[in-house]
Structure formats: C-alpha cells, structure tokens
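Construct the entire structure; sequences and hints are all you get.
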Amino acid sequence: MNDLLPALPLSSGPPASGFLSSDLLSSDFLSSDFLSETVRALPSIAGGLLVTLEATLLGAALALVVAFALGLAALSRRMLVRGASRAVVEFLRGTSLYVQLFWLFFALPMLGFRLEPLACGVLAFGLNYGAYGAEVVRGSIAAVPAAQTEAAIALGMGPGLRLRRVVLPQAYALMIPPFKNLLIQLLKATPLLSLVTVADLTFRIDQLRSATGGTAAAYLLLLLLYFGVAVLLSAGMNALERSAKARLGQEGGGA
Amino acid sequence: MWDMEAARAALPVVLSGFGVTLLATVLGFAVAVVAGLAVALVQRSAPRWIALPVRGLAAFVRSTPVMVQLFAVWILVPGLNALTIGVLVLGLHYATYLSEVYRAGIDAVPKGQWEACAALSLPRRRVWRAVILPQAVRNVLPSLGNYAVSLFKETPFLSVITVNEMVHEANSFGSTHFAYLESFTLAAVVFLLASWPTSLLVRRLEARLAH
Numbered sequence: 001m002n003d004l005l006p007a008l009p010l011s012s013g014p015p016a017s018g019f020l021s022s023d024l025l026s027s028d029f030l031s032s033d034f035l036s037e038t039v040r041a042l043p044s045i046a047g048g049l050l051v052t053l054e055a056t057l058l059g060a061a062l063a064l065v066v067a068f069a070l071g072l073a074a075l076s077r078r079m080l081v082r083g084a085s086r087a088v089v090e091f092l093r094g095t096s097l098y099v100q101l102f103w104l105f106f107a108l109p110m111l112g113f114r115l116e117p118l119a120c121g122v123l124a125f126g127l128n129y130g131a132y133g134a135e136v137v138r139g140s141i142a143a144v145p146a147a148q149t150e151a152a153i154a155l156g157m158g159p160g161l162r163l164r165r166v167v168l169p170q171a172y173a174l175m176i177p178p179f180k181n182l183l184i185q186l187l188k189a190t191p192l193l194s195l196v197t198v199a200d201l202t203f204r205i206d207q208l209r210s211a212t213g214g215t216a217a218a219y220l221l222l223l224l225l226y227f228g229v230a231v232l233l234s235a236g237m238n239a240l241e242r243s244a245k246a247r248l249g250q251e252g253g254g255a
Numbered sequence: 001m002w003d004m005e006a007a008r009a010a011l012p013v014v015l016s017g018f019g020v021t022l023l024a025t026v027l028g029f030a031v032a033v034v035a036g037l038a039v040a041l042v043q044r045s046a047p048r049w050i051a052l053p054v055r056g057l058a059a060f061v062r063s064t065p066v067m068v069q070l071f072a073v074w075i076l077v078p079g080l081n082a083l084t085i086g087v088l089v090l091g092l093h094y095a096t097y098l099s100e101v102y103r104a105g106i107d108a109v110p111k112g113q114w115e116a117c118a119a120l121s122l123p124r125r126r127v128w129r130a131v132i133l134p135q136a137v138r139n140v141l142p143s144l145g146n147y148a149v150s151l152f153k154e155t156p157f158l159s160v161i162t163v164n165e166m167v168h169e170a171n172s173f174g175s176t177h178f179a180y181l182e183s184f185t186l187a188a189v190v191f192l193l194a195s196w197p198t199s200l201l202v203r204r205l206e207a208r209l210a211h
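If you're matching them up, the sequences are chains A and B in order.
The first sequence runs 1 to 255 under the UniProt record's numbering.
The second sequence runs 1 to 211 under the UniProt record's numbering.
Keep in mind the hints are simulated off the structure, nothing from the lab.
Worth double-checking, as some hints may not be accurate.
Just some of the chain A residues that point at chain B, by a computed CB distance under 8 Å [said to hold, decoys possible]:
| id | residue |
| --- | --- |
| 1 | F102 |
| 2 | W103 |
| 3 | I184 |
Glycine is no exception: its CB is placed at the ideal position from the N, C-alpha and C atoms.
Structure representation (structure tokens):
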C-alpha cells in the first residue's frame, strides 16, 4: 500500500489489532491525554483551518470568474463561441476533479511547469467548479423573463448596459442558491489537498491523530470542524441571497 | 515529454483499474438509490423522534467531506475489505443527496393523486407502491442519472483507502515507471470518454420526460 501515493502524508493503514476496542471505549475517546494534546495542537489546527479556508475562498473566486466567462460564452450569438464554451465545460466536468488535481501536481512538472501544491489545488477547484458554475450562470440568465430584455431595448439600452443593469441583478439572485451548493461541494473537496502535501485541516488533524492515537476523537473533531465551516458558509450565502432579493424588491430567500 | 511506449504500457493497467471503478460505481449507486429512498421515507413518515435525528444525521453526512468519512470508517471499522467500505461510505454519502431528490420528487406528485387514493380507500402500502412512488421516480430519473455520473467521478476517492480503482492504478504505474504524465492523462481521457456520453444520455432522458 506504500505504492498508493509517493507524497501521501497521511499515515494511513489500519492500526494493529486490539487497538480498536480500546479506541471506541472511553479509554482514549476524549481522554485527558487527547484533550491536552488537542489544546497543545490548537495553533497547528487553526493554521490548517486557515489553509482550508484560503483554498476554499481562492478556489471559489477563481470558479466564479470561470463560471461567468464560460456561462456568458454559452449564451453568445456566435455558434463558434457557444460550441467552444460547451466543449470546455464538458472537458472540465468530465475528467474528474481528483484526476485534474493529480495531473496538475504529478504530470504537469513532467512538461516543465511546476506549480505550488496549494496553487494546483486552487486551479483544479476553480476550473472544475467553474465549469459546473457555468451552467448555473447560463441557466439563471436564460431564466430572466425575455420581456425584461425587450423593455430595456425599448428604453434604448445597449447590450452591455442591459446585461449590467437589468438582466444580471435579477439573474444574480437566482444564482446564489446553486452557488451555495457548489461552494459546500468545493469545501468538501479540499481534503484532497492533504494528498498533495498541503498542510490543510485534514493534514493537521491527522498529525494529531498519529500523535495521540485518539482516532475516533480526532476524526469526530475533524468532521465537526468541516460541518461548522459548511454551516457558516451557507449562512453567509443565505444572507447574500436575502440582500440580493431585497434589492430587487422581493421577499424571503435563504431556505 | 509524452512517451508513447510508457503510454502503451500504462493503458492496460489503467483499464484494469477501470473495471474496479465501474464496479464501485454500480454498487455504490445501488446503495445510494435504496438507502436514499429509505432516508426520504423515514423523514416523511416516521415518528418525529426518529425522523428528526435522521434528518440531522443526513445533513451532517451531506455537509462533511466524503474523503474524511472514508478514512474514519476504514480505520474505525475492522474486518471489512476496502472496497466494501468504499462502496458503503460513498453510497451512503450519495444517499443523503438522493434523499433530497426523492423528497422533491414525492412533493411534486399532484395532490389529487393522494385524494384519489383516499377516495378509493387504498391501503397505505398500495398508495405508495402503486401510485406515488412510480410517479415520483419518473420525476427524479434525470436527477438520479446526474448523480450517478457524479458518483462515478468521485470513485477516485476510494484510492485513499487503497481500493485499486483506476486512479490508484494510474498513480502506482506513474510512480514505479516515473510516467505520471502518461498514466494520469490516460485516466483523464477514460473518465471523459465514459462520462460524456452518459451525461448526453441523461440530458436526452431529461428532454423526453419533460413532456
């Protein structure tokens, strides 16, 4: 199993037998040993959490740019532009995020380009989720009633102004709920970073696990931290949706 | 640079891993389809003291990384082989997505169908099995297809618990022959070749069922 990943920093592999019964019983679960180690490791865990947040937010920012570029191209009047957008989206979605990240990390250096591991992650997340987001952008813009565009034309607005002042503000409110789902998906993909030597949250907690042997407690803590971040991110997106709807004079939002 | 010899040697290795990938996809999705329906029905019909914890647990599983779940179960549950654990964990993770899909599909069955069942005083089991579920499943078929493709593309996560699926094989070939470029490029191409036609098929199904 050592052939799995040359750079696998996680000390994987089931521990020796006999370990498990003690692990699930209270002897190590939340033992004072685990607690004191955790307190000592708090700065390291916080550092890992910051790396995870950084990767999530940078990845999401890149994904947003990619989503708008590909999504607007998919609505172009030129068939060539539409076709190119379609092909890029299908390529980015069809090749699996996991393979894309590993390709950037392991294969790209063989072509002479070496990216920082975190940059590989941000690039892979941004391109992959950007392709999913392109569908959201395209669909949301298409869902704005045609009468809105017609009214803007009747008022003599040019295409750029129409998009900026009439169509996008309405489409934007529709995009937020699906973008929220994609953001959570992106957060959940970030543990992949620990496989390419990035010291993210998963990496740090795994160190804690190795140091204490408190496997169950460490993983529970890890899952709870991810859950907490997911809850915060979705609360933020719900607030964004409410404000976008309020600006349009609509009520509610944030399911 | 690209080495044709290495690519030729990598291809059978990658393809042999693809068999495991397909197996994991089919089994994992079977778990997801069945367990997802169970979760949806429990949330809808079970007494509150069961339905609420199930809903909370499903939300928790849905919002936390499947990779961490795989690691946790693999290390904490002894005596099961890696593929079994991978299929169960990935399947249950997707079950928490599918339960929401089923819920929406069930909600979309017109109210008149329920009223007609009540008027005919059909037994509850028959209401579900003969009237509601067939229509609900038809509603959600395209979504199920999309999630199947999505699960397929997430099977590489199983490599972290040593399942020898395609990316695991590509990775080990890459490290022993120092041919990452060839092996990962081939893996990407196989994923693309398999998932593109499937998603086109799902889109066509979507268009057909829309009428």
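To see whether the hints hold, each was checked on the structure:
1. Residue-level restraint check for A/F102 holds (minimum Cβ-Cβ distance to chain B is 6 Å; threshold 8 Å).
2. Of the supplied interface hints, the one on A/W103 holds, with its beta-carbon coming within about 5 Å of a beta-carbon of chain B, less than 8 Å.
3. With 8 Å as the threshold, the beta carbon of A/I184 comes within range of chain B, its nearest partner Cβ sitting at about 6 Å, so the hint holds.
Going down the numbered hints, you'll see the structure goes against none, and every one checks out.
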